[in-house]
Amino acid sequence: MQKRLILDSHILDVTLERLCQHVIENHGNFENSVILGLQPRGIYLADIIKSKLESNLEHDIPLGYLDTTFYRDDFRRRDEPVAANATKVDFLIESKKVIIVDDVLFTGRSVRAAMDAMIAFGRPEKVELLVLVDRKYSRELPIEPDYVGKHVNTIESQKVLVEWEAQGKKENKVWLVTQGNN
Amino acid sequence: MSKLSDKHLLGIKNLTRADIDLIFQTADNFKDVINRPIKKVPSLRDITIANIFFENSTRTRLSFELAEKRLSADVVNFSSSSSSVKKGETLLDTVNNILAMKVDMVVMRHGSPGAPHFLAKHIDANIVNAGDGTHEHPTQALLDTYSIRERLGTVEGKKVAIIGDILHSRVAMSNIFALQKMGAEVMVCGPNTLLPKHIDELGLQVELDVRKALEWCDVANVLRIQLERQQIKYFPSLREYALYYGINKQLLDSLSKQITIMHPGPINRGVELSSDVADSEHAIILDQVENGVAVRMAVLYLLAGIGDITN
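So the protein sequences, as listed, match chains A and B. With our numbering applied, the first sequence covers 8 to 189. With our numbering applied, the second sequence covers 153 to 463.
The hints are simulated quantities; they were obtained by calculation from the structure and are not laboratory data. No incorrect hints appear here.
Dumping the calculated DSS-like pairs for lysine-lysine here, alpha-carbon to alpha-carbon at most 25 angstroms:
(1) A:K104 <-> B:K192
(2) A:K95 <-> B:K221
(3) B:K192 <-> A:K95
(4) B:K191 <-> A:K95
(5) A:K177 <-> A:K59
(6) B:K192 <-> A:K133
In isolation and in its complexed conformation, chain A is listed as follows (with noise of 0.2 angstroms):
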């Protein structure tokens, strides 16, 4: 197994205030704006894009956790099901703009699990995709993401590994995994 650092920590942060700006552009103040961090693994940058942006913006931004794991078109499929999280949404999202946040992009059916989830909270005006990390060339769903951290080209066999602070980690890192010798 080999082990390829893509984002170290002080690029990673530059890449979220950069990610942050951009939102900013499109949602200005975020009065009509709200983001739903995907569980289990979206919800450590959802939290730090929500720090980030009360920063800029001193005052409050919306957040949600949503899980997607009632809504995932693999049940029965895969040996497990999956476990699920919890859902942490304290408002409607009914006629909101949505940011879907989630640390990486691969297949995209994790995306279209989270929209069925997020209309049992209403009929948003408008969803957006943020993802720290792109995987190109492997979607199995018409789904793109409107602001990315980094783009990556990846095999199948290679995982993308993010670890968090909050997770316990020492700091933000972002790495390429390599399964195998090659």
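Following the hints, complete the assembly by docking chain B onto the known chain A.
This is chain B only, laid out in the frame that chain A set:
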């Protein structure tokens, strides 16, 4: 772990503590789902479930049906009173005929203890026991234990008294297994005639005096007097039972601490529980009903997750 150890839910006896923990964690998520404006998820949309009830039931059947519908499963209902069972068809034939119509899961209540175990040996579909005679009623025990966990934060180390007709109660049996697996201390209390012989061998306390039981426990799970199962007289009269074993506000107020009252329903008001107790803040009877749907959703979801549609 995110998988149950068995593809059927036949009884609590067959479950491990890890299974029960998994069911509770999943039920937490479903409880959140059923309190949303849209109370439905699409997980079981390609699954058909047959609810086969050979015995009467309102609450359990309704609760299962709601759980199934909120998981988007297709549901067919069957009750023996209006079926070919009356014409002499065997249980296995009845169920095989239903399965031939491509049903994936069977929720069954039957008057004979062991009926779902028998079926599990002969058919492929997942089976959920919704009560088999005086044997087990696993989903009721799961929702009772879940409700205790919700009210008191944990089940571990809590003292639970099961009071009333233990002899005829499948709820009592399943509750004893579930509570013990989750680390609670269990006591049964009732008149001698309504306590099964050798019940003390299950590693629990036996008490004949209801006041002593209430003083001891954190939670009292009060069972219904099952008049329909009593061919002989186990006590002189309902009035006498209510006098010695009925729980009323006065009795609760005289205790040294506040306890939680549970009842699996339907309540015989004025017999095992007086109205002022059943409707008081001590009672979590309606919470039990709400939790029943969430817990049954968790059980159905987790059982369905074991089957692989691509095989």
